[in-house]
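K.L.:
For reference, the chains in residue letters:
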Amino acid sequence: MQKYTFLGHTADTRLCIEASTLIELFQGALSGMAELISRTDLHQKPTIEQKITISSTDTTSLLVDFLAEILTLTHIHSTLFTKARFDSLTKTKLTATIYGVPLAHFEKDVKAVTYHEAAVKTTKNDTFETVIIFDI
Amino acid sequence: MTTKEALQQVTPYLWEIPTTFRSDMRVAARLFATEAMLEHAFNDRTLEQLVNVTTLPGIQGVALAMPDAHEGYGFPIGGVAAMALPDGVISPGGIGYDINCGVRLLKSEQTYTDVQKHLDSLAKNLYHMVPSGVGQSGKMQLKGKEMHHVLEMGAKWLVKEGYGTQDDLEHSESHGCLDGALASMVSEHAKSRGEWQVGTMGAGNHFVEVDVVDEIFDQGMASEYGLFQGQMVVLIHTGSRGLGHQVATDYIRLMGRVMAKYNISLPDRELACVPFSSEEGKRYFQAMNAAANFAWANRQMITWEVREAWKKEFGKKCSELTVLYDVAHNIAKIEEYEINGTKQKLLVHRKGATRAFENQPVLIPGSMGTASYVLAGTKEALKTSFGSTCHGAGRALSRHAAKKKVQGSELLHDLKKSGISVQAGSLNGLAEEAPCAYKDIESVVDVVQEAGIAKKVARLKPCAVIKG
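These protein sequences, in sequence, are chains W and P. Residue 337 is where the first sequence starts when you use the working numbering, and the numbers rise one by one after that. Residue 38 is where the second sequence starts when you use the working numbering, and the numbers rise one by one after that.
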């Protein structure tokens with residue numbers, strides 16, 4: 337299970353994600369960011385793939401750095417990445433293949449993924465949750 | 038959450054949170070605002086973030102928030118903080134992701150009467166000439182040595198290549214180029230993002246706007262600036278685009294990883310920082326300067342594009358648009374101030390705040406459909422606010438809330454009814470930037486005037502708005 341919702345933030349956009357597993361949390365965050373960038377291209381079948389490896393100091397930073405790297409690749413290659421298959425995901429390192437489609441049109445200028453308010457934690461229901469704020 | 042009880046009124050326009058409020062505060066926090074404006078500050082985390090800024094190692098004097106301040110990440114937007122050198126910290130969050138987002142004002146010799154009938158056509162010409170919207174490419178590809186020149190020479194290189202004049206540079210903050218920029222400190226990711234972006238506006242709250250000088254408040258200063266009532270001017274608001282965003286992302290990540298080795302721990306990750314004198318601090322400063330130069334090059338190229346559109350509309354014989362000034366409102370600079378009776382060089386972070394040195398033009402864009410202002414910096418600003426003032430109206434509503442209140446098509450209709458020609462790439466984007474999403478610019482400017490940190494010179498009224 338993973339779900340995400342967008343909430344208001346004065347100048348930017350706040351994404352709340354909840355998921356049953358850490359992998360699903362990362363996947364949910366990626367889906368949320370993709371929806372923010374382009375709803376139109378969101379459900380197209382991926383035709384592009386790229387491998388990425390990220391290492392960070394902790395899980396929250398790992399999630400933010402994962403999204404930030406994908407956002408950078410989105411801007412450089414005009415590709416909307418919507419899915420990820422994780423070869424490995426620990427608390428501080430991941431390797432994954434990300435899948436995307438050519439991006440016809442950015443609906444939002446997502447400048448950056450911020451660390452602000454980001455904190456991956458487990459809930460009393462044993463799910464994972466966090467907030468991610470995007471600088472628009 | 039900070040409440041009014043935490044604030045002590047210093048003057049009718051200045052409030053302070055003393056260091057007794059929280060044990061980790063190194064200095065007090067101050068906010069320029071009227072009592073009525075404080076409600077905005079309590080509605081989001083502006084004050085909490087300002088208090089967090091006071092915990093930064095090496096901070097001097099006070100941490101400041103301007104009257105247009107609102108919640109950001111790390112620093113509030115509208116935040117100013119000065120750090121001791123060499124070992125006070127440098128914090129990318131104190132500059133923002135859009136390094137050297139700023140404003141340039143171009144003056145014409147024409148009046149509203151001269152151009153009124155041309156506004157729709159002029160707006161279309163500008164929309165055609167100035168690439169706008171996310172993912173839109175400019176006319177110039179920057180690779181290899183061209184990118185290197187832009188990062189290290191800024192607007193100077195564009196002028197050298199024929200896209201402006203020496204006069205343009207002389208009327209820009211830092212002459213459109215910061216020394217101490219090193220292209221090698223900017224990542225390949227950042228350079229890739231910026232490759233096609235010089236001469237592009239972007240989206241969101243960026244714009245090119247044709248305004249009329251609606252009212253003169255200070256005739257003497259207006260004459261010095263070459264402004265007169267009824268004059269047509271052009272405002273350009275944009276920054277360092279994806280290149281700057283990537284520089285900020287790269288270095289916030291780096292600093293988050295290395296902060297612990299400098300024994301720095303902070304209440305907010307986005308305040309990530311290192312000593313200015315550290316290896317990482319120097320690298321970021323060099324990269325930040327390079328990104329700032331990219332932004333000045335961007336506004337210089339857009340100046341050329343606006344001039345071309347103007348000539349196309351009014352003929353080659355019309356007089357050239359000239360630069361009044363170009364200001365940065367997301368930047369860090371080394372400047373000298375008096376602290377406890379001693380003159381010291383400090384690193385001044387301005388995030389959503391504008392430098393306001395004595396008699397220097399200060400350009401304050403309002404929201405679309407409302408006024409913008411030309412102010413002049415003051416001597417008082419050097420004493421009270423590290424030579425800083427506000428940068429705009431400041432957001433009051435989230436983008437989501439703005440879109441719920443206003444339909445883009447309705448807004449477009451209302452603006453046209455008010456006589457404002459609009460060319461916009463996105464109706465959703467337009468709604469997000471509706472005037473109701475912003476604080477009242479008149480109140481913001483009145484506060485900085487009453488506080489003495491800038492004085493009103495002229496008010497500008499929009500006639501044509503071009504947005505991504």
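Treat each hint with caution, since some may be false.
[Said to hold, decoys possible] Mimicking SDA-like on lysine to any residue, the simulated pairs with C-alpha atoms at most 25 Å apart in a straight line are: (1) P:K354 to P:S145; (2) P:K176 to P:K298; (3) P:K442 to W:P438; (4) P:K298 to W:E453; (5) W:K419 to W:P438; (6) P:K41 to P:K440; (7) P:K441 to W:P438; (8) P:K442 to W:E371; (9) P:K161 to P:E146; (10) P:K440 to W:S367; (11) P:K180 to P:T202; (12) P:K441 to W:K419; (13) P:K440 to W:R350.
Because the hints were derived from the structure by calculation, they are not lab data.
K.L.:
Confirm or reject each hint.
P.N.:
The hints, checked one at a time:
1. P:K354 to P:S145: Measuring from Cα to Cα gives roughly 13 Å; hence the hint holds.
2. P:K176 to P:K298: Violated, at about 44 Å.
3. P:K442 to W:P438: Status violated; Cα separation ~33 Å.
4. P:K298 to W:E453: Holds. P:K298 to W:E453 sits at ~23 Å (cutoff 25 Å).
5. W:K419 to W:P438: holds (14 Å)
6. P:K41 to P:K440: Given pair P:K41, P:K440 is violated - Cα atoms ~30 Å apart, limit 25 Å.
7. P:K441 to W:P438: Outside the cut-off at roughly 30 Å; violated.
8. P:K442 to W:E371: Holds - the C-alpha atoms of W:E371 and P:K442 are around 22 Å apart, at most 25 Å.
9. P:K161 to P:E146: holds (21 Å)
10. P:K440 to W:S367: Satisfied, since the Cα-Cα distance of roughly 22 Å is no more than 25 Å.
11. P:K180 to P:T202: holds (24 Å)
12. P:K441 to W:K419: violated (30 Å)
13. P:K440 to W:R350: holds (15 Å)
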